[in-house]
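Student: Protein sequences appear in the order of chains P and D.
Per our numbering, the first sequence runs over residues 1 to 220.
Per our numbering, the second sequence runs over residues 1001 to 1220.
Everything labelled a hint here was simulated from the structure, so no lab data went into it.
Wrong hints could be hidden among the right ones.
The list that follows gives simulated cross-link-like pairs (lysine to any residue, SDA-like), each with its CA atoms no further than 25 Å apart [as the list claims (entries may be wrong)]:
#1 D:Lys1018 x P:Ala174
#2 D:Lys1018 x P:Pro172
#3 P:Lys18 x D:Ala1174
Here the structure is a predicted model, which is why all the values come from computation and not from measurement.
There are 2 protein chains.
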Amino acid sequence: MRIAELSRRSAVPVATIKYYQRAGLLPPGELTSPNQARYDGRHLSRLRLIRALIEVGRLPVATIRELLVEIDLPEVSTHHKLGRVLGTVAGPRPTEPDDAVAAAAREVQGLIDRRGWRVGSGAPGRLLLAEVLAALRRTGGDDIADLLDEYADAVERLAALDLEMVRRRAEPAAMVHGAVLGTTLGDTMVAALRRLAQENESARVFGAPEPSHERVTGDG
Amino acid sequence: MRIAELSRRSAVPVATIKYYQRAGLLPPGELTSPNQARYDGRHLSRLRLIRALIEVGRLPVATIRELLVEIDLPEVSTHHKLGRVLGTVAGPRPTEPDDAVAAAAREVQGLIDRRGWRVGSGAPGRLLLAEVLAALRRTGGDDIADLLDEYADAVERLAALDLEMVRRRAEPAAMVHGAVLGTTLGDTMVAALRRLAQENESARVFGAPEPSHERVTGDG
Chain P
1 MRIAELSRRS AVPVATIKYY QRAGLLPPGE LTSPNQARYD GRHLSRLRLI RALIEVGRLP
61 VATIRELLVE IDLPEVSTHH KLGRVLGTVA GPRPTEPDDA VAAAAREVQG LIDRRGWRVG
121 SGAPGRLLLA EVLAALRRTG GDDIADLLDE YADAVERLAA LDLEMVRRRA EPAAMVHGAV
181 LGTTLGDTMV AALRRLAQEN ESARVFGAPE PSHERVTGDG
Chain D
1001 MRIAELSRRS AVPVATIKYY QRAGLLPPGE LTSPNQARYD GRHLSRLRLI RALIEVGRLP
1061 VATIRELLVE IDLPEVSTHH KLGRVLGTVA GPRPTEPDDA VAAAAREVQG LIDRRGWRVG
1121 SGAPGRLLLA EVLAALRRTG GDDIADLLDE YADAVERLAA LDLEMVRRRA EPAAMVHGAV
1181 LGTTLGDTMV AALRRLAQEN ESARVFGAPE PSHERVTGDG
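Bound conformation, chain P alone (with noise of 0.2 Å):
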């Protein structure tokens, strides 16, 4: 394809795509006259990464480019590619145009209905998840916004977990104490967890065959 193609695949202006090339983030097409180059899949890949990690990932241009190239080595393991990731990355800033956190919107209100949730209309959740299935969406992650389902149901035991402590807490204001505290803290306490099971799960299926207490991801 051409970059014109491109750009309008990847929804990256042409000018923006010529800078991640002068800056090393993207390969050069392959030429076909002195002024006109081809493109293909790899580039469109390429590209839709980069934005990922420079709209999602919130990383600069110059720790997107060391990444691209460890991710380009051939004999770096998976494993190791991933902890490198994980290890770099800062937090998600999800907005989004209308149009698509509606269409999102509907996601959400499909998914309560199959499994039946009891939410009310106005639930800060329902915007929030539509945001992130927008956000997902628009940069490649459609796999994982099609994992919702699967998701939802391991949640489920979460939410049930929480509200068995805060069941447990016999007197009204305690209850709330621990709904504050599961709220605030316990997210966060879900996402330390997930980022060492993930790590687990990381060296389990893409790691050396045996156990040990080596370091192996996110030492780069």
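Given chain P, put chain D in place with the hints provided.
Tutor: Structure of chain D alone, referenced to chain P:
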């Protein structure tokens, strides 16, 4: 107990306790002489809740006063009270003195050993989890910290889903792309799903018996 003991057991300075009383957050003690009052366990648990709302929930005093008034109303359902709190509190910001974090880091190591997780000694999730556990133990959330293994059970399923998504992406750059999205947007997706599932659980456990599409929490 006297105010000095209340201060010692809650780790809240006497001057701060007096400020909370003037601000209407903490009921006065029972006067035993013109300038001495007696406090009981309800004052202690109320003080701990106030500290949790300020330090963990990061709420301003005026908001806390409104919340406490509602929490004290016997005719308001627990489901509604929980919804008000969940809709009001902000995110966490755990920072702890070194001793408490060091003790919590040993708890984290114990968890990793019990589960046989392969996690590097410098994994960022270790410190984050230790900080959260220390914050929970300091702010009256021991029962949540004690559920660590149950939460780890539920989170292992999440991590397996995360890695399954990465594994399905055949090409290394696409795997890394998936890990970026899963790590950042994925955490927010889980937090949003959890909020919705919590509301449903709260409706189930504490709410009206018949299913309803009416919003039952957070509509202050």
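Student: Against each hint, give a clear statement of whether it holds in the structure.
Tutor: Do the hints match the structure? See the list:
1. Proposed proximity of Lys1018 of chain D and Ala174 of chain P is supported: the alpha carbons are some 22 Å apart, at most 25 Å.
2. Using a Cα cut-off of 25 Å, the hinted pair Lys1018 of chain D and Pro172 of chain P holds, with the two alpha carbons roughly 24 Å apart.
3. Proximity of Lys18 of chain P to Ala1174 of chain D is assessed by CA-CA distance (about 22 Å); at most 25 Å being required, the pair is judged to hold.
Consistency note: the structure conflicts with none of the earlier hints.
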